[in-house]
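As given, the protein sequences belong to chains A and B, one line each in that order. Residues in the first sequence are numbered from 1 upward in steps of one, following the numbering used here. Residues in the second sequence are numbered from 1 upward in steps of one, following the numbering used here.
No lab work stands behind these hints, which were simulated from the structure alone. This structure is a prediction, so every number in the text was calculated from the model and none was measured. Warning: the hint list may mix true and false statements.
Said to hold, decoys possible - A partial selection of chain B residues facing chain A, derived with a Cβ cut-off under 7 Å:
hint : residue
1    : P16
2    : L19
3    : H30
4    : P33
5    : A41
6    : V48
7    : L78
8    : L89
9    : L144
10   : S148
What the hints assert, rightly or not - Each computed SDA-like pair below joins lysine to any residue, with the alpha-carbon atoms no more than 25 Å apart:
hint : chain 1 : residue 1 : chain 2 : residue 2
11   : B       : K5        : A       : I72
12   : B       : K65       : A       : Q48
13   : B       : K65       : A       : G74
14   : B       : K65       : B       : L76
15   : B       : K5        : A       : G12
16   : B       : K5        : A       : P50
17   : B       : K65       : A       : I67
18   : B       : K5        : A       : W78
19   : B       : K65       : A       : L47
20   : B       : K65       : A       : L26
21   : B       : K5        : A       : V15
22   : B       : K5        : B       : L15
23   : B       : K5        : B       : G149
24   : B       : K5        : B       : N119
25   : B       : K5        : A       : N6
26   : B       : K5        : A       : A30
27   : B       : K5        : A       : I67
Just so it is clear, CB atoms sit at the ideal spot from N, CA and C, and this is done for glycine as well.
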Amino acid sequence: MIDILNGLVLIGLLVSALFIVRCRDLLSAAISFGIFSFLLSLEFYILQAPDVAIAEAGIGAGLTTAIFIVAIRGTTRWEGVRE
Amino acid sequence: MSMSKIVRAAACVLLPFILVFGFYIVMHGHLTPGGGFQGGAVIATGFVLLMAAFSYDSITARLSKSSLTGGETLGLLLFIVTAAVALGLGGTFFGNWLANSGAIFGTPVAFGANPGNLNTAGVIPIMNLAVGIEVLGGLSVILLYMLSGVHEEVA
């Protein structure tokens, strides 16, 4: 059971990492990064490191995503577009 | 420049739950996984959510940079004073002068397997609280300074 969940989380990590690299919409990429961090914290929890999982969920999924969203607010939303 | 009404309402609804959860992680740092850094990061996530949702002016009307840096300084001072009091009481630096003393956080730990008592561990919960305040101030002030730069760019 835990192996199936582990495999699903790893596949989700790969898919969300691919989204982060390929998305032209930077806001979608930032949200994908939040999902990536959340799945990574889930993986830490499965590997029995709940301490690291809380830190990853707080810093990765919360703070870093908010910092990226604030940065996108100051620049443009689409990659490669010049104003 | 603030975000849409949905984002603002969701941030307002989520904030108290995030704060309570973060404070729980800080105060149970000596019993369960987590501690000062993790709990402070979770509380800072709540404040950062508020900062991302609302405009810079409405944030700085309630929450100033000096109060956040003051909280950071207060946390560091509480940490070092708690560690230095042990020297004054004749122990070593960072000595646990509150453990088993009967005062706050001074209850002796029960022998054997037990669910854990919050009122134990001496100075460790106090230092967890200090680190929590310090991390909260530090991480929040990073985003507040970044938001002020974006604000000047837009205006």
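Results for each hint:
no.: 1; hint: P16; verdict: violated, 16 Å
no.: 2; hint: L19; verdict: violated, 13 Å
no.: 3; hint: H30; verdict: violated, 13 Å
no.: 4; hint: P33; verdict: holds, 4 Å
no.: 5; hint: A41; verdict: holds, 4 Å
no.: 6; hint: V48; verdict: holds, 4 Å
no.: 7; hint: L78; verdict: violated, 21 Å
no.: 8; hint: L89; verdict: violated, 31 Å
no.: 9; hint: L144; verdict: violated, 10 Å
no.: 10; hint: S148; verdict: violated, 10 Å
no.: 11; hint: B/K5 - A/I72; verdict: holds, 19 Å
no.: 12; hint: B/K65 - A/Q48; verdict: violated, 38 Å
no.: 13; hint: B/K65 - A/G74; verdict: holds, 20 Å
no.: 14; hint: B/K65 - B/L76; verdict: holds, 17 Å
no.: 15; hint: B/K5 - A/G12; verdict: violated, 31 Å
no.: 16; hint: B/K5 - A/P50; verdict: violated, 35 Å
no.: 17; hint: B/K65 - A/I67; verdict: holds, 17 Å
no.: 18; hint: B/K5 - A/W78; verdict: holds, 23 Å
no.: 19; hint: B/K65 - A/L47; verdict: violated, 39 Å
no.: 20; hint: B/K65 - A/L26; verdict: violated, 29 Å
no.: 21; hint: B/K5 - A/V15; verdict: violated, 31 Å
no.: 22; hint: B/K5 - B/L15; verdict: holds, 15 Å
no.: 23; hint: B/K5 - B/G149; verdict: holds, 24 Å
no.: 24; hint: B/K5 - B/N119; verdict: violated, 43 Å
no.: 25; hint: B/K5 - A/N6; verdict: violated, 37 Å
no.: 26; hint: B/K5 - A/A30; verdict: holds, 21 Å
no.: 27; hint: B/K5 - A/I67; verdict: holds, 20 Å
Hint check: violations occur at hints 1, 2, 3, 7, 8, 9, 10, 12, 15, 16, 19, 20, 21, 24, 25; the rest are consistent with the structure.
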